[in-house]
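For reference, the chains in residue letters:
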Amino acid sequence: ETGVTQSPTHLIKTRGQQVTLRCSSQSGHNTVSWYQQALGQGPQFIFQYYREEENGRGNFPPRFSGLQFPNYSSELNVNALELDDSALYLCASSYGQGSFYEQYFGPGTRLTVT
Amino acid sequence: KNQVEQSPQSLIILEGKNCTLQCNYTVSPFSNLRWYKQDTGRGPVSLTIMTFSENTKSNGRYTATLDADTKQSSLHITASQLSDSASYICVVSPNQAGTALIFGKGTTLSVSS
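Protein chains in written order, with my numbering: chain A, 1 to 114; chain B, 1001 to 1113.
Calculated directly from the structure, the hints in this document are not laboratory data. A virtual CB, placed ideally from N, CA and C, is assigned to each residue, including glycine. Among these hints, one or two may not hold up.
[As the list claims (entries may be wrong)] Quick list of the computed label-pair ranges, beta carbon to beta carbon:
1) B:N1002 <-> A:A38: 11 to 21 Å
2) A:E82 <-> B:K1105: 14 to 24 Å
3) A:L39 <-> B:L1011: 17 to 27 Å
[Claimed, not checked] If we take Cβ atoms under 10 Å as the criterion, some of the chain A residues that face chain B in the derived model are:
4) Q41
5) G42
6) P43
7) Q44
8) Q103
9) T112
10) V113
[As the list claims (entries may be wrong)] Computed footprint of chain B on chain A, listed as stretches where at least three residues anywhere in the stretch have a Cβ under 8 Å from a Cβ of chain B:
11) 48-58
12) 69-76
Only chain B is shown next, with the shape it has when bound in the complex (with noise of 0.2 Å):
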């Protein structure tokens, strides 16, 4: 069965500190896995996109890392800020023509100050 999982299931860290969420997934073959980005309340933003073939991938303070052996991928985010807390979600495409995406249930993160 595809499924993705993510860990922890929620997080809180002190603003200017880094850290890791974990994505595992069982998808295979697999197109793309995304991360994204969703605040309270609205829809998911996309942070970064790789294909099975990228090692990592970075967006600003947001940088992705997958290794498609393990079937493992991480978000690191670096010098976190308020504005970082929100739901975290991996997201896994199947690449089978028709078939959807397939979505972790996400990381809650909480920066505080």
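This is chain A alone, in the form it adopts within the complex (with noise of 0.2 Å):
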């Protein structure tokens, strides 16, 4: 088990409904990267933050946004949910933006979209 840790475990919505979604990263950590999964197929790359700044971004559409805080926890915001958002939403935090960081992932948050 790594040290970060994500909520809600599932989560159901109606499409065209906003949801939130939280992470806390391992102690130390200052860099959180957000992956969509779905069914199937490995994760995609929908943004990383780095000491409270977007560092980098997937090919997600802007109703896909986020926040990292001063203790380096995280949000993920998705506006006007559809039904291909329906993923295992995971977040991984590392020391540093790098890409020979190690990433720790956490559990993930299933989202279901109805």
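Dock chain one against chain two, each of which comes alone in its own frame, and use the hints as you go.
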């Protein structure tokens, strides 16, 4: 088990609604990355935050947004939910933003959009 | 286009047997290659990390190999156990600032008794 926690564990929302997912990073980590993992697929990079600033973004629309707080915890917000947003959302924390840093994943939040 | 492809897509083996999972990538240049184990509905857990200059890395019964010339990696699991049943994901980290990790789709391994 890593020291990364996510909440909630499961969530069911209706199309068009908004959702906020939360992630607490491992102690000492200043970087958080968010991923979307559809069933049977590998994780897809959404964005990364380093010291409260967005540091990189994958191919996701602007309705996916995030925040990182001074304690380095993070939120992922998704507006105007679509059925295809149903997935496992993973966050991962690391000591730094470089590609050689180990990323430690949380257990994920399972989002179902109906 | 940077891609990571894994084979086979799924695999069923008997407990105690060995198996080898394959990973081919087109990412260049790359910083490191990682293998993760992901139990169903859980986050991935790192097994090995190799830089481009390393050929092999072991973690208990897991041994990863890397051939940077042919852009291929493999994960060998020795004396499989029921708890090895999971998805194994190959991940390549490009050697470019601000570039995200590139994940394969994973190989689903089922170990039966």
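Hint check:
1. B:N1002 <-> A:A38: 11 to 21 Å: 19 Å, holds
2. A:E82 <-> B:K1105: 14 to 24 Å: About 22 Å separates the Cβ atoms of A:E82 and B:K1105, which means 14 to 24 Å holds.
3. A:L39 <-> B:L1011: 17 to 27 Å: 19 Å, holds
4. Q41: Holds - the Cβ of A:Q41 comes within 10 Å of chain B, reaching about 6 Å at its closest.
5. G42: 3 Å, holds
6. P43: Hint holds; A:P43 Cβ to chain B Cβ min 5 Å, cut 10 Å.
7. Q44: 7 Å, holds
8. Q103: This hint holds: A:Q103 lies near chain B, its Cβ roughly 7 Å from the closest one there, short of 10 Å.
9. T112: 13 Å, violated
10. V113: The hint is violated - A:V113 has no Cβ within 10 Å of chain B, the shortest such distance being about 17 Å.
11. 48-58: holds (count 4)
12. 69-76: violated (count 0)
Of the numbered hints stated above, those contradicted by the structure are hints 9, 10, 12, listed in ascending order.
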